[in-house]
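**Q** The chain contents come next:
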Amino acid sequence: MNETRSSQLSPQAPIIAPGHTFGSVTDKISSIVLTKSAPIPWYVAAFIGFLCTMMLFYAITYLLLKGVGIWGVNIPIGWGFAIINLVWWIGIGHAGTLISAILLLLNQKWRTSINRFAEAMTIFAVMCAALFPLIHTGRPWLAWYWLLPYPNTMGVWPQFRSPLIWDVFAISTYATVSVLFWLVGLIPDMATLRDKTVHPLLKKVYGVAALGWRGSAKHWSRYETAYLLLAGLATPLVISVHSVISFDFTIGIIPGWHSTIFPPYFVAGAIYAGFAMVLTLAIPLRALYGLHDFITMRHIDNMAKVMLVTGLIVFYGYNMEAFFAWYSANQYETFMVWNRMTGPYWPIYWSLIFCNGVAPQLLWFKKVRLNLKSLYAVTMAVNVGMWLERFVIVVTSLHRDFVPSSWGMYYPTRWDWMTFIGTLGMFVMLMFLFVRVLPMISIFEVRALLPQAKVKEAPAE
Amino acid sequence: MSQIFTKNANTLARASLVAVVLAGGVFGWLIVAVPRSDYITRVDVPRPQPVPFSHKHHAGGMGIDCRYCHTTVETSGFANIPPTKTCMNCHSQLFTNAALLEPVRASFRNDTPLAWTRVHDLPDFVYFDHSIHVSKGVGCATCHGRVDQMPLMYKENTLQMEWCINCHRHPEEFLRPRDQVFNMQYQPPANQIELGRRLVKEYNVAGVQQITSCSTCHR
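Protein chains in written order, with the numbering used here: chain A, 1 to 461; chain B, 1001 to 1219.
Treat the hints with caution; some may be incorrect.
[Unchecked claim] Below, computed lysine-lysine pairings styled on PhoX-like, alpha-carbon distance capped at 25 Å:
id	chain 1	residue 1	chain 2	residue 2
1	A	196	B	1007
2	A	203	B	1007
3	B	1201	A	204
4	A	218	B	1007
[What the hints assert, rightly or not] Beta-carbon label-pair distances, calculated as ranges:
id	chain 1	residue 1	chain 2	residue 2	range
5	B	1018	A	37	24 to 34 Å
6	A	61	B	1048	48 to 58 Å
7	A	156	B	1049	43 to 53 Å
8	A	151	B	1018	56 to 66 Å
Worth flagging that the hints you see were computed from the coordinates, not collected in a lab. Beta carbons: idealized from backbone N, C-alpha and C, even for Gly.
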């Protein structure tokens, strides 16, 4: 057992399990979509997701009727769950872009099996994320004039010097590029599904999505160019989006926010959270649909390694925050860190350190990385830890600022929880709908990884 | 395998590209144009009133000063609508039997005010004060237009914020000497900018930064 594992994990090991042909890859992946029934767990998960989505709609409707007063936010903590969840969700999205863009440019072939559903995850996470600032405005239908620059009848533009506006551009650019990247990458697979399905209506639907793809050399050449260009466009976004999100905090002068370490450690945290979420989804999906041949232990090991690296960067960030609070000799900074460690929210801070700093140290051990149960436990710890991190940043910084007269406490209400859990459900529902109607693994890219796909040049005579 | 799409699908696909661009353009144009249309702003649309009162006749033809009826305009935030008694000052003697004026007489007899339809109605979240504008040299006609030429009252300007703030950003383009505020025939001189700058100083008009601050109008 150990021998097969280690042979599987050597750098020369094939990224997909041996013994596949072009036909078997195509059949295996497309059969998940082109079937009349889905496995029972699919129905269970999608239904729970659906129920939570309904709860989300209920919570939002009540919010729009009553106003943000139903949430726990109040001065001095004006940013509660809404901003915590925004940052958490947008961070989760980052793995998709990293896998699809940066790993593509770096020629990391192992990205192929996981990029499609990681990109889908990105899009759904961005949808959940973008929802929060919108509903946080209370009256979203009035918000768009100060979010979007258009020649409105008030003769004023949004405040371009505010990071909140940069946010709008960062998130909308990110969403646009992610969707484009995803759709362009789907084109050849749409054609495969169009050709494989027997249902006349589905043939038309997939046919429209395939944009007339015939697989000619010209098509492939244009496709490769477009995909590479989009990857180039998406690459800076991996860095920029979460940097801009971190500016929401760093531009403010609140101790705990006004810090230059935020952009790099937010980006690392985003990739950390994103890979944790990819693993959270990949491990059950792989088991549910028997995709062990395509998402091999090598993929899982690689993702765990990325988590370890980014987790160490994030942990370094926490340590530097504490170090500079001491080194700066600034009493407000010192108090902020001390308050985090020993103040009213101390359990959250220490849980964060445990989940994000201590638990991932287990990933140094190959045994932990290759044991799905222990790895899953670590990824769940990271999912929780990254959420706690945003809670600590948003709440503990605001609740004790410079003047003790403006101190306060933040307690989420059931509406906060319903909205948050609702987006989790919406994410699950969208994810399961996606695996049902679109190939969750890129068929044509996996085909290209087969040994048969390597065409040897004829030796020159 | 038979073809899924007929040959005209190619044309449709190309046309859809053009359609998306066109739809985007139309949408952009709608966003800009609809909120500024007369349909939304009610500019140039006379409102039905209980009595078809003509400013053209009274202010233009008769030459009655604005302040004869709107007595509080110089001292109060609100330029008042005159009580029926003000009408009856003249109309107890003039056109005493005109059917058109029966609502006025009925209002006077029954001691119930006339229910005029308000034409210049700012949103409730806007604080507007007539007296400060009058005392800093903003003419009546600058905002209300040539009321002395309006048979029935209508809005000359949109009263939208971009219109308000245009003047708050460049007050020197619109100010006139105080003694010309109620002059309906006033024409700005050729050296308006020069005059405006002088008046801004003379009347101690607050700096642009202050009068374009949010809380100047949204208190």
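**Q** Does each hint hold? Answer for all of them.
**A** Against the structure, the hints come out as follows:
no.	hint	result
1	A:196 - B:1007	21 Å, holds
2	A:203 - B:1007	16 Å, holds
3	B:1201 - A:204	73 Å, violated
4	A:218 - B:1007	20 Å, holds
5	B:1018 - A:37: 24 to 34 Å	42 Å, violated
6	A:61 - B:1048: 48 to 58 Å	39 Å, violated
7	A:156 - B:1049: 43 to 53 Å	34 Å, violated
8	A:151 - B:1018: 56 to 66 Å	25 Å, violated
Consistency note: the structure conflicts with the earlier hints numbered 3, 5, 6, 7 and 8.
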